[in-house]
Amino acid sequence: GLFGVPELSCPEGFQEAQDKALQESEQLVQKACSTPPGPETVMIFDQLSDSLCRVADLADFVKVAHPDFAFREAAEEACRNIGTVVEKLNTDVELCQSLRRLLADETVMSSLDPETRRVAELFMFDFEISGIHLDEEKRKKAVDLNVRILDLCNEFLIGTHIPNKIDKHVLPEHIRYNFTAEGNYLQVAGLHADCPDDLVREAAYKIFLHSNAQQLARLEELLASRNSLAQLVGYDTFAHRALQGTMAKNPETVRQFLEKLSEQLSKRTQKDFQMMTKMKMKLNPHNSMLMPWDHPYYSGVLRAERYNIDPGLYCPFFSLGACMEGLNSLFSQLLGISLYAEQTKRGEIWSEDVRKLAVVHETEGLLGYIYCDFFQRPDKPHQDCHFTVRGGRLKENGEYQLPVVVLMLSLPNSARGAPTLLSPGMMENLFHEMGHAMHSMLGRTRYQHVTGTRCPTDFAEVPSILMEYFANDYRVVNQFARHYKTGQPLPKNMVSRLCESKKVCAAADMQLQVFYAVLDQIYHGKHPLKKSTTEILKETQEKVYGLPYVPNTAWQLRFSHLVGYGAKYYSYLMSRAVASMVWKQCFAQNPFDRAMGERYRREMLAHGGGKEPMLMVQGMLQKSPSVEDFVDALVSDLDHDFETFIMDS
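According to this note's numbering, the sequence shown holds residues 98 to 746 in order.
Read the hints as simulated data drawn from the structure, not as lab findings. Mixed in with the good hints, there may be bad ones.
[Unchecked claim] Ranges between beta-carbon positions, derived for each pair:
no., residue 1, residue 2, range
1, R452, Q585, 19 to 29 angstroms
2, K265, D232, 26 to 36 angstroms
3, K265, L712, 55 to 65 angstroms
[Said to hold, decoys possible] Heads up, simulated DSS-like pairs for lysine-lysine below, C-alpha to C-alpha not over 25 angstroms straight-line:
no., residue 1, residue 2
4, K379, K364
5, K640, K627
6, K364, K375
7, K357, K720
8, K442, K453
9, K160, K377
10, K364, K303
11, K492, K708
Note that the Cβ used here is the ideal one computed from N, Cα and C, for glycine as well.
All chains should be built: construct the whole structure from the sequences, respecting the hints.
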């Protein structure tokens, strides 16, 4: 069976696994309601969470990644059914009472350890944001809204990827070959951001981002439903609800962070836009006004021209085997951890190129498993991501339930006889996803509810982004980057050039992220919105980003992050700020410092989501960073490294 779950040897098994989980959860609900308040209450709640998550998490992965449609469909159905049960449980008054009795009992509460207390509070928070304190009619409304929101999210997500069609005669003949033909129509499935022809990029931008009434209606209903739900359960806006428990804590802090960052970036961004405009004038004298479809392309041209970083020069040094060796060596020096390949049993994996790694600590033994689903295949989503398939927890019998995760990348399949070669970007992504995996392996909490990456969104990206700093450090890269034919190491100046090239137009790139984050905050802020989502887009784009809005386009309808990161898109920037501070203060001097590695594990990874995120950051940095500190960390990363600059000059 998939992941060694016996029921899942065929798609029908999902029904069986789901029925088993639901039966188990019914028994646990009864047990919770009849148990006197004490630590056991929290334990039962966590078992309940575990029995549902074990099926839901696994199904979450299978529904997007399994090559067999029947499996994907069965998993999708299981996700829906378990999701509905979870929403019902979150509004089950009797179940909530058993937790309330515990939280109200001061004597018992004061005897609990901090992690158990926090987990009890987090479960209570789930009840509250689902409207447990409301009367029956409103509670039912909250459940209905939640279910509707789930459906709208799925529909909107599908809509963000659907190509747009256009009559082929509308486009000049010489650019038609760039798009897929379908009879008299051309299909535009993306922005063609890397295409050197300005006209192709312009056409792709205007067609792919053309407004679509159906998708617009979905977005408007999604934002309105999220707002209704938040207000129903007692929050001013959806953003207030979504930011509870995060590092930022509230929308006001996020706004302050984004405004200050934007202020600090503005001069640098203007400079970047001027450089891109000059380059555009040089290559295309007839039309030198910088447009949104130019930014990704011309920043790439500037990078390549200034630093000659053709990925083809780097790939031979980054074979997949060498990169995995590099990670293994880094983890072993920093954390005393090694990765070992394991044989899989029949039916355990969903594609024969999936590899299973055991994560083993030098004294603590086996910590968990990582399934590496690294290669492209038809129907596989093109995003790199980390999935928790099973969370770690301390079981009733005293054994530890080992965490299981999947790392999904879309690496090209190698030519016969040659190893898989990674571009620098793919290598960095591999390190990034491995950062999530280590968080999952080392966030060995007592409770599954807060294990590994089950922590606030703006903290969850810190371990993964920190790994990017390691991937860009010559001392780390020099340990593994060898030419697959000759064995020669990657020259130091090539690594420096690569790192410096990333700073070309980096302010404008960051400003674009600030724009997306601001837009997300406005959409999830005060309702009813003052204007349509497209008018808000236009206004925010011109004010925050600086490149003109293009009439009849609606980029927000392709903003898939509004689903998983609603009101939390800023998280990427805030996590990067924390990672930058941790790198500079703790690892920049010596990226293999074992004592720092242990401190990092103890202060930041070990707690999963079982400790308030700011307290973890404080423990690591030994001070409490302010919004200004976050902004300074991000902006100082944009400065060129003087030594490299001199070497290259």
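We went through each hint and held it up to the structure:
| no. | hint | verdict |
| --- | --- | --- |
| 1 | R452 / Q585: 19 to 29 angstroms | holds, 27 angstroms |
| 2 | K265 / D232: 26 to 36 angstroms | violated, 58 angstroms |
| 3 | K265 / L712: 55 to 65 angstroms | holds, 59 angstroms |
| 4 | K379 / K364 | holds, 23 angstroms |
| 5 | K640 / K627 | holds, 16 angstroms |
| 6 | K364 / K375 | holds, 17 angstroms |
| 7 | K357 / K720 | holds, 21 angstroms |
| 8 | K442 / K453 | holds, 10 angstroms |
| 9 | K160 / K377 | violated, 44 angstroms |
| 10 | K364 / K303 | violated, 29 angstroms |
| 11 | K492 / K708 | holds, 20 angstroms |
Of the numbered hints stated above, those contradicted by the structure are hints 2, 9, 10, listed in ascending order.
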